[in-house]
Amino acid sequence: MITMTTDPILPDELRDNLFDPGAGAYCAFEGWVRNVNEGHAVERLEYEAYEPLAIKEGERILAEARERFKTLHAHCVHRTGLLEIGDCAVWVGVSAPHRDEAFLACRFIIDALKVRLPIWKKEHYVNGDSGWVNCGRCAAHGHSAA
Amino acid sequence: MITMTTDPILPDELRDNLFDPGAGAYCAFEGWVRNVNEGHAVERLEYEAYEPLAIKEGERILAEARERFKTLHAHCVHRTGLLEIGDCAVWVGVSAPHRDEAFLACRFIIDALKVRLPIWKKEHYVNGDSGWVNCGRCAAHGHSAA
Amino acid sequence: MKTITVRYFAMFREHAGVGEESLTLDVQTAADVFAATRERHRSSEPVGHCKVAINDDMADWDAPVADGDTVFLFPPVAGG
Amino acid sequence: MKTITVRYFAMFREHAGVGEESLTLDVQTAADVFAATRERHRSSEPVGHCKVAINDDMADWDAPVADGDTVFLFPPVAGG
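Residue numbers (this note's numbering), protein chains in the order written: chain G, 1 to 146; chain P, 147 to 292; chain L, 293 to 372; chain U, 373 to 452.
Computed list of lysine to aspartate or glutamate pairs in EDC-like fashion (alpha-carbon distance at most 20 Å, straight line):
| id | chain 1 | residue 1 | chain 2 | residue 2 |
| --- | --- | --- | --- | --- |
| 1 | L | K294 | L | E312 |
| 2 | G | K114 | L | E337 |
| 3 | P | K260 | P | E194 |
| 4 | U | K374 | U | E392 |
| 5 | G | K56 | L | D349 |
| 6 | U | K374 | U | D441 |
| 7 | U | K374 | U | D434 |
| 8 | G | K114 | P | D246 |
| 9 | G | K114 | G | E46 |
| 10 | G | K70 | G | D100 |
| 11 | P | K260 | U | D429 |
| 12 | P | K202 | U | D428 |
| 13 | G | K70 | P | E184 |
| 14 | U | K374 | U | D439 |
| 15 | G | K56 | L | D352 |
| 16 | L | K294 | L | D354 |
| 17 | G | K56 | L | D348 |
| 18 | G | K114 | L | D349 |
| 19 | G | K114 | G | E64 |
| 20 | G | K114 | G | E51 |
| 21 | U | K374 | U | E411 |
| 22 | G | K70 | G | E59 |
| 23 | G | K56 | G | E67 |
| 24 | P | K216 | P | D166 |
| 25 | P | K260 | P | E197 |
| 26 | P | K202 | U | D432 |
| 27 | P | K260 | G | D100 |
| 28 | P | K260 | P | D233 |
| 29 | P | K216 | G | E38 |
| 30 | P | K260 | U | E417 |
| 31 | P | K202 | U | D429 |
| 32 | G | K70 | G | D20 |
| 33 | P | K202 | P | E213 |
To be clear, the hints were calculated from the coordinates, so they are not data collected in a lab.
Taking the hints into account, I'd like the entire structure generated from these sequences.
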């Protein structure tokens with residue numbers, strides 16, 4: 001299951017949803033807002049998503065992971081809106097019989113989420129500038145960092 | 147830091163210790179007691195450790211991971227004593243600037259812990275038998291599953 | 293000519309100054325919609341770096357668009 | 373002859389019936405201690421599958437043991 005939320009992500013509750021008596025391994029990944037990106041001091045981040053399609057594509061990714069790695073459960077939560085340094089922007093959790101599948105599925109999911117979901121990240125820098133990540137050639141923009 | 151404990155492992159508190167303003171990625175692994183191992187229905191597990199050396203060797207593994215993968219923080223908790231199905235036996239958490247290092251370091255640590263720490267696992271089966279894992283040739287034993 | 297509802301996201305929305313507009317366009321494919329609205333979203337990205345959806349389904353750039361369709365123009369994504 | 377404190381763990385402890393004992397042995401290396409106590413820990417594992425420590429430091433099987441040393445005999449480990 002993938003969820004989009006503007007509320008803080010609470011990993012403990014999310015983890016408990018993945019419990020399974022046949023699970024010997026649990027792997028989780030979290031993306032945190034860090035204070036620097038490509039040399040720019042970051043103050044906060046803003047995530048925009050087109051939710052209907054983000055959820056549709058996210059469910060597709062999770063289903064692919066479950067089939068490919070024979071995991072038991074795989075969930076994801078992505079946050080949108082304004083985030084501060086240290087906030088959790090994305091959480092991925094996987095439970096599986098063994099650790100190989102848990103690690104591989106978790107990695108597959110976060111890699112796919114980053115390139116396939118209609119989600120955009122705008123960085124607000126300490127110096128007052130801002131810029132859309134990955135959008136260096138989206139044409140000139142008054143406050144672009146590109 | 148590595149800790150050995152007979153108390154339940156609480157991942158949320160452990161995770162918060164890894165926060166770092168320069169961390170963009172967090173990867174965690176947990177080993178859970180599952181209800182079956184190599185075809186035997188498991189009722190519970192018993193972990194025995196020689197703690198002074200488990201901690202010394204565990205710290206060495208964490209230091210190797212930090213140096214090799216340039217992580218920011220890497221911690222581990224291993225439980226000992228009697229565990230039930232679903233209990234968390236081991237927790238590994240890593241924070242790093244990017245996800246590559248976080249995943250690789252977390253995997254390196256759990257793999258090394260499993261083969262280098264003086265810790266032993268005795269499985270108690272539903273049928274009343276019990277056996278030490280990985281000790282198939284430790285000589286005949288009345289209740290060995292080997 | 294077809295009436296197409298075009299939706300802009302992120303940088304494209306900021307450039308267009310609107311999130312959605314209804315346009316009458318002489319277009320056959322999703323790529324045609326991208327090109328026909330270039331002055332609005334002001335993108336110099338090759339379409340290959342961007343994504344498109346038609347009526348809430350991800351689509352290829354050469355997918356045909358019909359009168360009344362909604363076309364979603366997505367600049368390069370950056371989830372996670 | 374040397375006085376060696378031998379400590380047994382897990383399966384070895386169960387077999388020996390004690391966790392620790394002081395023995396007077398004619399031994400030069402850690403491997404000699406493993407062999408000399410085979411009847412106690414009753415292991416048919418090759419030493420290569422097991423680990424040994426001397427005085428709280430992991431050691432090689434060919435490490436020398438001295439009078440008064442404590443030798444820790446570890447059956448195959450299974451952490452995690």
